[in-house]
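**Q** So the chains spell out like this:
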Amino acid sequence: MSDATTPTQPRGGLADPAARRQLMSGVTPEPGSSKPDPILEVDNIVRQFGGMTAVDVGHLEVQRGIITALIGPNGAGKTTFFNLITGFDRPTSAGHGAHWSFDGANLDRTSASRVAKSGMVRTFQLTKALSRMTVMDNMMLGAQNQEGENLAKALFRPFWGAQEKQVEAKAVELLDRFSLLEKRKDYAGSLSGGQRKLLEMARALMSDPKMIMLDEPMAGVNPALTQSLLGHIQSLRDDGTTVLFVEHDMHVVRHISDWVVVMAEGRLVAEGPADTVMSNQAVIDAYLGAHHDTDLGDDALLSDATLEQLEKEVAEEEAEREEER
Amino acid sequence: MDDIQQILNAMMREAVDPKTAAVALAVIGLNIHFGYTGLLNIGQSAFMLLGAYGFAISITQGWPLPVAILVGLLVAFVFALVLGVPTLQLRGDYLAIVTISAAEIVRYVGRSVGVEWLFDLTGGAQGIPGSRYRDPFTDLSFFGSGNTTLLPFNYLDVSESPLLRLAGWLVVIGLIWAAVQIGRGKIGLEGGARTGALLGLSLATILLVFFLAPVAAQNTGVEGWWFTVVAWVIVAIGLLLVLGLTRSPWGRALKGVREDEDAMRSLGKNVFAIKMQALVIGGLFGAVGGMMYVLPSTVQPDALGRNITFFAYTALLLGGAATIWGPVLGSLIFFVGRAAIIAGANTYLSSDQYINIMNRQQTSQFAFVVIGVALMLLVIFRPQGILGDKRELRFNV
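Protein chains in written order, with our numbering: chain A, 546 to 870; chain B, 991 to 1387.
Treat the hints loosely; a few may be bogus.
[Unchecked claim] With a straight-line Cα cutoff of 25 Å, these simulated SDA-like cross-link-like pairs (lysine to any residue) come out: (1) A:K755 <-> A:K730; (2) A:K730 <-> B:G1181; (3) A:K728 <-> B:R1174; (4) A:K728 <-> B:K1380.
Honestly, the hints are just simulated from the structure, not real lab data.
Working from the sequences, and respecting the hints, build out all of it.
**A** Laid out in structure tokens, this is it:
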């Protein structure tokens, strides 16, 4: 996968781990830090469901050509954030300072299909395989700018026959890479959960995306398949695709991600390289709670002095939170 | 045997009836909506009625036939846009509610008598009699006058012996059985050979059926051969269109929308545009079906009401949604089956010769009871319809 030692190229080809480390070494590991060459920039995205604020992201940049992991505990707003930037949901702050752009193009008022057309293709946490269509048809739908999807030309094969052949060849190649080739005539509904994840990823790749956004690609996948999925994600990066993926299990992302963004309660709480961000106090708090190493069964806790101390700490934290709001 | 022959003749008359072809066209349109795109349109009758009104009123205003046809199509096109713009952005159920109410609105406006200029155009509940708009179409006929029986020679020319007919029907059953075997892939034929064999068998079956149950009709008059032939030729053209469209990437996108709209959005497809195109095209098929439906009869709003929509759904599910031939086969079986039950009940349950337990009106209602039971059995035991692919249903999420 990443054994090649090709020199760093401006776009894509960041296959060398050292090059990626060097690229990201200049970035301050703090929430909302600026990147050398961001492909996605997000400002002031707020999404409220009633009184509950699900997402409140001030500023985020995603570096081109590397694997960025977006992690956070359950309910941190990762998927909602995904939905917002891919056009499947509208921010509450739309029109009041919400602004996000992909590869230089403004996405503030862009529909989900246009976001996908602009080169930012996503997958879903609950796979959306088109069940009652064959695996091959699923793949062919992924290709962009198909002449034959134009109703005026659909009846006349000369307009789209040649393109259809190219699309088919590409689909076969991708299916082969994701070891789904022998399933190509089966209905997608007959695939196992892990195979559907693979199919969805392969289908997203049919459009040659500049950036692929994977929503929990590893959820519900057995360990063996997880390894091969991780391998696929790395080879995507090595081919020059930017990868942003959501995961709630920190340990899965440790090996493959070049940069980790941590969300908790809708906010960005930390950013940084995988190995250091895990020891960040904010991340540990988000995942385990601030008092995770306090043994609640310890008799010493029952003394008044300790209780007072803990109460004071809690009050301080709450005051801090109030201030932030 | 004569009784049976009469029932068979009644079935054949229904099978070649232009109205059967007209409903088949509407079902083809409904198949694009429901079978391929997953749009729950419960107002297909409104597309038919609007097509019929547009066509008939244009001709009563003295406009030429091609213009009248275009007006009928245009009205249905506008109706599809009006229905689609507000509802296609929403979840599927809304389309169902809006289409069924829109169909009722169209029907009630058609039968209203309050507004004078409207009443002058539509004729209220009485409708527009066929004699006022049929002539331009009838004049196009090059079939001449007189009567023709469909095949130049039939069983009467050979022998009147019931044995011959019995043997003939056994051969028909054998041919259908062979076609089913080939269709299911039990006989090792592939690609062109399979299509050819199926077409040949179907043609042989149809010819043999005409030989065994000859239909006589006028060449040009109402319900005559001219109407029948034009109607079925349009059905054939419609089938070719649907065949071409559904085998194209556009047809693939339709199915994708049926399966999951969000997935299609994530692949960069304009779901709204695809759904709108499907709604318009299926609606235009409905409009053509409506024009064909009223040509041999009258434009009566109540004749193109909810019933027709539900017949169309029955025929579609019977034949198999999301198949090319399903709508036509379903319509044929539905109408021919209904004719068979009515004729059978008339003969055996409503005459002093056998059992007399119901009158003529009741036999027609009895037919619907039987059809209802048959539909329930179909949904339970063969939910994919006759031609449907079971896998397309089984994996429903």
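**Q** Run every hint past the structure and note whether it holds.
**A** Now the hints, each set against the structure:
The suggested pairing of K755 (chain A) with K730 (chain A) is violated, with an alpha-carbon distance near 29 Å, which exceeds 25 Å. With a C-alpha separation of about 16 Å, the suggested pairing of K730 (chain A) with G1181 (chain B) holds against the 25 Å cut-off. A distance of roughly 21 Å separates the Cα atoms of K728 (chain A) and R1174 (chain B); the hinted pair therefore holds under the 25 Å criterion. Under the criterion of a C-alpha separation no larger than 25 Å, the hint pairing K728 (chain A) with K1380 (chain B) is consistent with the structure, at around 18 Å.
In summary, the one numbered hint that this structure violates is 1.
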